[in-house]
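Asks: Chains as they are written, first to last, in the numbering used here: chain A, 23 to 318; chain B, 5 to 338.
These are calculated hints, taken from the structure and not from any lab test. A quick note: this is a predicted structure, and the numbers were derived from the prediction, not measured. Virtual Cβ for every residue (Gly too), placed ideally from N, Cα, C. Fair warning: there could be bad hints in the mix.
Stated by the list, open to error - What follows is a list of derived Cβ distance ranges for each label pair:
id	chain 1	residue 1	chain 2	residue 2	range
1	B	Y135	A	R305	55 to 61 angstroms
2	B	A178	A	W176	57 to 63 angstroms
3	A	I107	B	V214	30 to 36 angstroms
4	B	V93	A	A233	58 to 64 angstroms
5	A	E280	B	V302	57 to 63 angstroms
6	A	L79	B	I131	48 to 54 angstroms
7	A	G80	B	I131	42 to 48 angstroms
8	B	E26	A	A233	42 to 48 angstroms
9	A	E280	B	L280	43 to 49 angstroms
10	A	G135	B	S27	27 to 33 angstroms
11	B	V93	A	S190	29 to 35 angstroms
As the list claims (entries may be wrong) - Just a sample of chain B residues kept apart from chain A, beta carbon distances all over 12 angstroms, derived:
id	residue
12	R104
13	R106
14	L112
15	N186
16	R215
What the hints assert, rightly or not - Residues from chain A shown here face chain B by an in silico Cβ test under 7 angstroms; the list is partial:
id	residue
17	I117
18	L118
19	V167
20	A169
21	G195
22	T197
23	V270
24	L299
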Amino acid sequence: MNQFVTLLVGGLFLGAIYALVAVGFVTVFKATHVINFAQGSVLLLGAYVIARSHASLGFALAVVLGVLVAAAASVAIDALLIRRIRRADLGTLAILTLGVDILLATELSRRIGTDVLNIGAPWGNDVTELFGIRIATSRVIAGAVAAVLVAGFWAVFKFTDFGIAMRSAAADGVTASLMGIRLNRVAAAAWALAGALAAVGGLFLTSFPAAGVTSGVGLLALACIPAVVLGGFDSPGGAVLGGLIIGVVSVLTAGYQEELSFLGRGLGGVAPFAVMLLVLLVRPSGLFGTREVTRV
Amino acid sequence: MSRWAAYAGIAVVLAAVPIWFESFWLQTGLFAMAAIIAAIGLSILVGIAGQLSLAHAFFVAIGAYGYAYLADKIPPVLALVAAVLAAGVAGALFSPIAGRVRGIYLGLASLGLVFLGQHILQNATGITGGYRGIAVPPFSVFGFEFTGADGMVVLGVPFGPLEKLWYLGVVLVAAALWYGHNLVHSRPGRALATLRDSEVAAATNGIDVVRYKAAAFTVSSMYAGLGGVLMALAFGRIVPESFGLMLSIDFLVMIVIGGAGSVGGAAAGAVFVTALPLVLNHYSGSLPLLAEPGSGGVGAAEFSRLLYGAAIVAVLLFARDGLAGLVHRKERVR
Chain A
23 MNQFVTLLVG
33 GLFLGAIYAL
43 VAVGFVTVFK
53 ATHVINFAQG
63 SVLLLGAYVI
73 ARSHASLGFA
83 LAVVLGVLVA
93 AAASVAIDAL
103 LIRRIRRADL
113 GTLAILTLGV
123 DILLATELSR
133 RIGTDVLNIG
143 APWGNDVTEL
153 FGIRIATSRV
163 IAGAVAAVLV
173 AGFWAVFKFT
183 DFGIAMRSAA
193 ADGVTASLMG
203 IRLNRVAAAA
213 WALAGALAAV
223 GGLFLTSFPA
233 AGVTSGVGLL
243 ALACIPAVVL
253 GGFDSPGGAV
263 LGGLIIGVVS
273 VLTAGYQEEL
283 SFLGRGLGGV
293 APFAVMLLVL
303 LVRPSGLFGT
313 REVTRV
Chain B
5 MSRWAAYAGI
15 AVVLAAVPIW
25 FESFWLQTGL
35 FAMAAIIAAI
45 GLSILVGIAG
55 QLSLAHAFFV
65 AIGAYGYAYL
75 ADKIPPVLAL
85 VAAVLAAGVA
95 GALFSPIAGR
105 VRGIYLGLAS
115 LGLVFLGQHI
125 LQNATGITGG
135 YRGIAVPPFS
145 VFGFEFTGAD
155 GMVVLGVPFG
165 PLEKLWYLGV
175 VLVAAALWYG
185 HNLVHSRPGR
195 ALATLRDSEV
205 AAATNGIDVV
215 RYKAAAFTVS
225 SMYAGLGGVL
235 MALAFGRIVP
245 ESFGLMLSID
255 FLVMIVIGGA
265 GSVGGAAAGA
275 VFVTALPLVL
285 NHYSGSLPLL
295 AEPGSGGVGA
305 AEFSRLLYGA
315 AIVAVLLFAR
325 DGLAGLVHRK
335 ERVR
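Pulled out of the complex, with its shape left as it was, chain A reads as follows:
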């Protein structure tokens, strides 16, 4: 029982990191209707910048720099490439981001090589005791940061003019632009947000208990895809819930590996995808996604 609670809490904290990256996915999708496969390499870019610059700048400034670089790269993808073929269909845009992902990931993994770069977080390998459960400090901080960020975004979307612009652009782009909302600006903001969130997610995904920044980190963002699909692609709330579910599922299946050994080794990596397939069978648009309505 104790093990179960420990794993559950650990899973929720991991899920909070996934939720952050997943919210970035959803924001981009809502604003520009792009499935952004480049999110993984932007995440790696953010983590890489932090890992490379923390020695000279100090950790706090390095994080700021990493977040800014990731946000700028993300905006550049939108402004330089996506904007030119904004009207193309979903599949084309998704494959375009795959191409960008390959370019960026190849260059970054060439620079990283086989090294494991330390992210340089001041909390290092500390472990915190929370209600009798021992858990990595970095994960606790990640959970807190994720909660603050998600709450902040919710408030921004709900109450500010910018949030209204964002939501109306997502609901009906043409009408929104007739009302004087600058779609390109909304799109750039959404991409910047996604890049920044990816960098924060990358920071926490590469700090303890993970080893550090390796060239394979970009693939970690793939784990966020089941989260996004589970929640429903156009629902930020769904993305948060999906992230938490995926975190819990992957930690639980990894933790009970011994008991589940008849399903094979390395179950933690594949269980999220299995859960995703099952959910899609029952609810084809995810838990909270807008159902596609066919009008004749």
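Keeping the supplied structure of chain A fixed, place chain B upon it in accordance with the hints.
Replies: Coordinates of chain B only, in the frame set by chain A:
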């Protein structure tokens, strides 16, 4: 008439290749041929039927492993047929999900299949040999073995497994192209294209939407299976890593570069994507731009990845219909 003359010319050239070229080019050609077959299948599914799939590597793996597992137990020709059928059955089994889930959700759901497939390949060690992989038994038909054991020599060139497999590959590719071309230009092909453009319009015209979607998935998976068998034969030994997400993305890129929905375009894209890294690697010693692997510079592997990424971006921005689109545009102008 001139068309048939052209076909005959191509056939003669292809038949002469094993006599002139060294084994590296035959191996590269075989991988390209395996990719062509599988890419045609994906082109039919994505380009004609409009169903985005990232699961193609999964079906390729079923073909490859199906053949490798069965060819010891039953005649290799039957193993080939059985492997292709097994891939088709897997496609048909996935089609309930494909039938319910649409568009991008389908693409991402099929992504799950690749990861499930990897998990199975790593863990079902009795059939797949786990991470160490499994040796692929040589092909043989009516007692004619595709090995070098019989010491066959043609025009002074010893014919080993690669030389013989080359001809098998050419025949299979020709059949795949012919079938694909006919399918696209027949009634079922037009039905699938209608399905892609509007499901409602298709249904009101009496097209059984669910059945056609399932059929598209099945046919595409069978193509993948056949490509997988040829790939397994070219590899000689197959490991799970060869059938991961990267392969699925490769196939998607092939049909994008070639022009989605075009059978010939898919073939051209397949050749480009498969041969590029192999050829660059082969000549990396004599290309001045490329650094030695591990020296920190841009090596052959990285260079081909960068070129590949840039090709995707360039094609999507400037030539949305891919290579096939360029050819057709030229024809129209003339």
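Asks: State for each hint whether it applies.
Replies: Hints, verified against the model:
1. B:Y135 x A:R305: 55 to 61 angstroms: Roughly 35 angstroms apart at Cβ, these two residues miss the hinted range, so it is violated.
2. B:A178 x A:W176: 57 to 63 angstroms: With a Cβ separation near 59 angstroms, A178 (chain B) and W176 (chain A) satisfy 57 to 63 angstroms, so the hint holds.
3. A:I107 x B:V214: 30 to 36 angstroms: Cβ of I107 (chain A) to Cβ of V214 (chain B): about 32 angstroms, so the range 30 to 36 angstroms holds.
4. B:V93 x A:A233: 58 to 64 angstroms: Since the Cβ atoms of V93 (chain B) and A233 (chain A) sit about 41 angstroms apart, the hinted range of 58 to 64 angstroms is violated.
5. A:E280 x B:V302: 57 to 63 angstroms: violated (45 angstroms)
6. A:L79 x B:I131: 48 to 54 angstroms: holds (53 angstroms)
7. A:G80 x B:I131: 42 to 48 angstroms: violated (54 angstroms)
8. B:E26 x A:A233: 42 to 48 angstroms: holds (43 angstroms)
9. A:E280 x B:L280: 43 to 49 angstroms: Holds - the Cβ-Cβ distance for E280 (chain A) and L280 (chain B), about 45 angstroms, lies within 43 to 49 angstroms.
10. A:G135 x B:S27: 27 to 33 angstroms: Distance hint for G135 (chain A), S27 (chain B) holds at roughly 32 angstroms.
11. B:V93 x A:S190: 29 to 35 angstroms: violated (48 angstroms)
12. R104: violated (5 angstroms)
13. R106: violated (6 angstroms)
14. L112: Violated: least Cβ distance 5 angstroms, not greater than 12 angstroms.
15. N186: holds (25 angstroms)
16. R215: holds (18 angstroms)
17. I117: At 5 angstroms from the nearest chain B Cβ, I117 (chain A) passes the 7 angstroms test, so the hint holds.
18. L118: Since chain B brings a Cβ to about 5 angstroms from L118 (chain A), closer than 7 angstroms, the hint holds.
19. V167: violated (27 angstroms)
20. A169: violated (27 angstroms)
21. G195: violated (18 angstroms)
22. T197: violated (23 angstroms)
23. V270: Interface hint status for V270 (chain A): violated (18 angstroms vs cutoff 7 angstroms).
24. L299: With a minimum Cβ separation of about 5 angstroms from chain B (threshold 7 angstroms), the hint on L299 (chain A) holds.
Violated hints, listed in ascending order, are 1, 4, 5, 7, 11, 12, 13, 14, 19, 20, 21, 22 and 23; each of the other numbered hints is respected by the structure.
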